[in-house]
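Peer 1: Each chain, written out:
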Amino acid sequence: MQDQPTALERFINGILPENPVYRQLLGMCPTLAVTGGMKPAITMAGATAFVLILANIIISLIRGLLKPHLRILVFTLTIATFVTIVDRFLAAYLYEMSKELGPYVPLIIVNCLIISRVEICASKQSVGVAVADGVGMSLGFALALASIATVREILGSGTWFGLQVLGEGWPAWGIMVLPPGAFLTLGLLLGGAEWYGQRRSRRLVRAGG
Amino acid sequence: MTAMDEQGKRISYIGQAWLVILLALCFGAALALVHTTLGPRIAENKRNETYSVIPVLVPGADRDMTEELIVQSRSGRDVRVYKAFTTEGKHKGWVIPAQGQGFADRIELLIGQDVDLTTITGMYVLAQKETPGLGDYIKGEDFRDRFRGKPADRPLVVVKTDPREENEIQALTGATISSESVTDTINSAIDNLREVLLAHDSSGAGARK
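Sequences listed follow chains A and B, in order. Note that my numbering gives residue 184 to position 184 of the first sequence, counting from 1, and the numbers run on in steps of one. Note that my numbering gives residue 143 to position 143 of the second sequence, counting from 1, and the numbers run on in steps of one.
Just so you know, not all the hints are guaranteed correct.
[Claimed, not checked] If you anchor each label on the Cβ, the simulated ranges turn out as follows:
# : chain 1 : residue 1 : chain 2 : residue 2 : range
1 : B       : G8        : A       : G187      : 54 to 62 Å
2 : A       : K67       : B       : V71       : 48 to 56 Å
3 : B       : T36       : A       : T159      : 32 to 40 Å
4 : B       : N48       : A       : D3        : 39 to 47 Å
Rather than coming from a laboratory, the hints here were simulated on the basis of the structure. For glycine and all other residues, C-beta sits at the position ideal for the given N, C-alpha and C.
Please put together the full structure from these sequences, using the hints given.
Peer 2: What follows is the structure in structure tokens.
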């Protein structure tokens with residue numbers, strides 16, 4: 001356990017170096033399904049952040065009591081509880097959004113991002129590190145969803161957060177808010193992120209050598 | 001295996017699983033608390049949504065003239081039904097709620113009927129968690145329109161081809177179970193409330209005060 005990352009490293013890693021969507025390709029279901037507009041994307045990012053951070057805290061607190069062969073059961077139980085809370089909360093206070101997201105809120109339970117963080121970090125490290133990890137990963141996830149939703153909403157509807165940003169003359173590319181638009185955008189942005197990452201690492205190697 | 005062995009095994013099961021049991025109890029209590037706190041607010045949201053769709057479910061009805069009644073269905077349960085009136089106060093029809101098990105989760109519906117309960121004038125999906133891209137088309141206008149104008153005095157039947165009989169409903173492609181759940185739910189709700197609503201009308205409560 002000596003070379004586990006520190007809280008600060010966990011936090012920073014979550015945002016870009018180990019970005020859940022662009023680097024780990026986790027949580028693809030919400031990434032593709034609810035990024036047709038900024039509002040659902042940000043709501044989903046917020047709901048996932050709530051579940052991830054609280055599940056990380058609980059699991060980290062009880063990590064000494066976990067039995068290896070029962071741990072996945074405990075993880076799932078914890079995650080499902082927080083997902084149910086967030087689902088009820090959305091239905092009570094953001095009813096329209098709750099209807100728009102529909103089954104994608106309960107589907108947070110099976111978002112691999114959460115169970116992977118709980119397994120990799122929270123079940124092995126202290127609460128402080130687990131919180132930093134949860135916040136970092138949540139920011140990374142929010143950043144990824146927001147970047148995809150920005151492209152899709154602006155090109156597909158000419159709006160951003162429902163506000164008109166492109167002129168009335170913009171022929172909204174309907175395909176961008178439909179499922180194919182999600183795959184196109186994700187593919188192009190993933191390619192872009194990879195290209196940028198490789199260029200940077202080459203430059204670092206050259207500067208170092 | 002001797003009795004002692006078996007007893008020892010049972011104790012070791014508890015010894016291993018106590019954390020799961022304890023967590024399940026704590027999380028269950030937390031969820032009960034969330035549900036009692038947010039439940040009324042969620043019900044209120046659904047009621048507001050019901051009111052907003054009454055003019056769609058019963059064409060010509062005025063949402064502000066709606067009268068709410070609690071009636072006892074044939075299965076002995078109290079049901080909140082909505083009696084729809086035109087702006088001039090003429091009884092126009094009924095909106096009744098219906099619940100049934102869908103493919104994934106419970107489906108909640110609203111059904112609009114005319115005054116003498118012979119025709120379905122509209123259908124609306126209040127809550128559903130059917131498979132995105134297949135079963136969730138039950139909430140789409142195309143599917144809901146398949147019920148408009150159908151007879152309410154005999155059971156509806158789901159078919160996979162173009163409907164030939166008046167009481168046939170064409171299933172959604174790839175979502176036969178969801179289509180059947182909706183249809184069965186409608187059939188049993190109408191059947192459960194039919195007599196009590198007709199009795200209510202003939203008891204002279206037809207005109208709005």
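Peer 1: Confirm or reject each hint.
Peer 2: Each hint tested on the structure:
1. B:G8 / A:G187: 54 to 62 Å: Since G8 (chain B) and G187 (chain A) have Cβ atoms about 57 Å apart, the given range 54 to 62 Å holds.
2. A:K67 / B:V71: 48 to 56 Å: holds (53 Å)
3. B:T36 / A:T159: 32 to 40 Å: holds (39 Å)
4. B:N48 / A:D3: 39 to 47 Å: Given about 56 Å between the Cβ atoms, the range is violated.
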